[in-house]
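A.B. asks: Let's have the full structure, built from the sequences with the hints guiding it.
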Amino acid sequence: MLSLKSFITHAGKDRPDRMAWGVVLAGAVLWLSLYRAVKPVANWLTYQMLRLPQDSHLGEAVAFFLYDVPKILLLLSGIVFVMTTLRSFFTPEQTRRLLGGKRLGSGNVLAALLGIITPFCSCSAVPLFIGFVEAGIPLGVTFSFLIAAPMINEIAVVMLFGLFGLKTALIYVTTGLTIAVLAGVIIGALRLERYVEDFVWQTRMGNAGLEREQLTWAERFSRAWENTRAIVGKVWPYVVIGIAVGAGIHGFVPEEALASIMGKNVWWSVPAAVLLGIPMYSNAAGIIPVVQALMAKGAALGTVLAFMMSVIALSLPEMVILRRVLKPQLIIVFISVMALGIVLVGYLFNLITLT
Amino acid sequence: MTIHIKVLGPGCPNCRKVELNVQTAVAQSGVEASIEKVTDYAEFARYGLLATPGLVINEKLVSGGRIPTVEAITGWLKNNA
Numbered sequence: 293m294l295s296l297k298s299f300i301t302h303a304g305k306d307r308p309d310r311m312a313w314g315v316v317l318a319g320a321v322l323w324l325s326l327y328r329a330v331k332p333v334a335n336w337l338t339y340q341m342l343r344l345p346q347d348s349h350l351g352e353a354v355a356f357f358l359y360d361v362p363k364i365l366l367l368l369s370g371i372v373f374v375m376t377t378l379r380s381f382f383t384p385e386q387t388r389r390l391l392g393g394k395r396l397g398s399g400n401v402l403a404a405l406l407g408i409i410t411p412f413c414s415c416s417a418v419p420l421f422i423g424f425v426e427a428g429i430p431l432g433v434t435f436s437f438l439i440a441a442p443m444i445n446e447i448a449v450v451m452l453f454g455l456f457g458l459k460t461a462l463i464y465v466t467t468g469l470t471i472a473v474l475a476g477v478i479i480g481a482l483r484l485e486r487y488v489e490d491f492v493w494q495t496r497m498g499n500a501g502l503e504r505e506q507l508t509w510a511e512r513f514s515r516a517w518e519n520t521r522a523i524v525g526k527v528w529p530y531v532v533i534g535i536a537v538g539a540g541i542h543g544f545v546p547e548e549a550l551a552s553i554m555g556k557n558v559w560w561s562v563p564a565a566v567l568l569g570i571p572m573y574s575n576a577a578g579i580i581p582v583v584q585a586l587m588a589k590g591a592a593l594g595t596v597l598a599f600m601m602s603v604i605a606l607s608l609p610e611m612v613i614l615r616r617v618l619k620p621q622l623i624i625v626f627i628s629v630m631a632l633g634i635v636l637v638g639y640l641f642n643l644i645t646l647t
Numbered sequence: 366m367t368i369h370i371k372v373l374g375p376g377c378p379n380c381r382k383v384e385l386n387v388q389t390a391v392a393q394s395g396v397e398a399s400i401e402k403v404t405d406y407a408e409f410a411r412y413g414l415l416a417t418p419g420l421v422i423n424e425k426l427v428s429g430g431r432i433p434t435v436e437a438i439t440g441w442l443k444n445n446a
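Chains as they are written, first to last, in the working numbering: chain A, 293 to 647; chain B, 366 to 446.
Treat the hints as calculated values from the structure; they're not laboratory data. Each residue gets a CB set at the ideal place from its N, CA and C atoms; glycine is no exception. Wrong hints could be hidden among the right ones.
Said to hold, decoys possible - If you want a taste of the chain B side facing chain A, the calculated C-beta under 8 Å gives, among others:
1) A416
2) G429
3) G430
Said to hold, decoys possible - Listing some non-contacts, in silico: residues in chain B with all C-beta distances to chain A over 12 Å:
4) T367
5) E384
6) T389
7) E397
8) E401
9) T417
10) T439
C.D. replies: Structure representation (structure tokens):
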């Protein structure tokens with residue numbers, strides 16, 4: 293009897309987690325069948341329901357729109373859910389512990405990688421910066437983290453994967469990580485500690501901090517679901533507008549129209565794209581569909597990549613936030629190092645694809 | 366006894382959501398509480414907060430870097446009542 297009782301109690305404890313896994317698996321199956329249905333449904337709607345002629349500009353634009361919007365939104369929901377679940381195993385406190393005592397070089401690589409997986413929003417840049425520096429993490433290592441975190445975000449990667457394919461998404465992630473590591477190493481080597489606002493050095497962190505939470509799978513999944521709803525709820529209008537503009541360009545702008553201004557052979561297109569990107573901080577969701585359509589019309593991959601990185605990683609509001617802890621000199625170094633890295637990436641990819 | 370609640374955050378949308386949830390939780394549980402908004406970064410550090418928004422109840426950091434639900438806040442309020 294005792295064993296039966298303990299068995300029941302045990303099963304009862306397990307049940308919410310099992311149920312949560314069941315719901316998530318059912319959701320995954322539903323997601324997969326929806327994802328596979330998107331293309332046939334979009335084609336049917338365009339050519340059967342609306343009776344748009346095949347090979348017409350309008351037909352192409354409508355089919356493109358009806359296919360890409362649900363595809364991207366599905367990808368976005370799926371990936372954000374998986375990433376948030378994964379992130380529930382990491383905390384900024386843990387990351388800070390892991391990076392403490394790390395040196396320039398190996399520390400930068402680890403910091404850039406942790407930047408991808410640590411849950412972090414841009415409004416937390418300042419407390420995080422203070423916390424890292426106070427824990428003795430070198431300035432350069434802290435910068436590698438602060439650069440990688442916004443640059444390699446799942447929204448940008450999903451949009452790139454959905455609209456450009458896996459190869460471009462992987463190129464973006466790898467070059468983004470490289471820039472984060474190298475920029476951090478350079479900033480570290482320049483010894484710019486004196487350009488950090490003085491109050492940061494005087495601040496002492498309370499050692500209380502947060503107690504480590506023990507989360508069940510049910511809690512992880514429900515938080516991930518909440519987060520997915522919040523993020524998709526926020527970005528879907530940008531996805532729709534971006535893809536609508538992209539679809540318009542696809543259907544109506546003549547082929548190769550942009551080759552003369554954004555093509556591989558135009559040397560100034562890369563720095564121009566980076567400069568143009570700095571004041572634009574619209575989110576990746578809106579900008580990437582437009583950029584993809586431009587590329588189909590003759591813009592070069594390197595130029596496009598440079599523009600995107602500049603838009604995403606060099607944003608004015610982020611600089612304004614960081615100004616609280618960094619003196620203007622350090623902000624200027626930060627922007628210059630980043631812009632230079634992005635320009636180099638742009639030239640590199642234009643060169644590779646020139647053949 | 367009054368419970369002292371502090372919402373830590375520079376004023377981003379997430380911090381406002383935490384404040385809203387706190388107000389709802391206080392109203393629902395009917396406890397006596399004071400709610401204070403803290404926007405000073407040095408003050409965040411004092412509580413050991415790394416990611417905003419943060420929630421402090423009776424000088425103890427109970428949540429950071431996320432928006433706690435009304436139910437979770439109600440639970441913390443009961444523990445402190």
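A.B. asks: Hint by hint, note whether the structure agrees.
C.D. replies: Do the hints match the structure? See the list:
1. A416: Because about 4 Å separates B/A416 from the closest Cβ in chain A, which is inside the 8 Å limit, the hint holds.
2. G429: holds (5 Å)
3. G430: holds (6 Å)
4. T367: holds (21 Å)
5. E384: Correct as stated: the minimum Cβ-Cβ distance to chain A is 14 Å, above 12 Å.
6. T389: holds (16 Å)
7. E397: holds (25 Å)
8. E401: Non-interface label on B/E401 holds, nearest chain A Cβ at 17 Å vs cutoff 12 Å.
9. T417: violated (5 Å)
10. T439: holds (16 Å)
In this structure, the one hint that does not hold is number 9.
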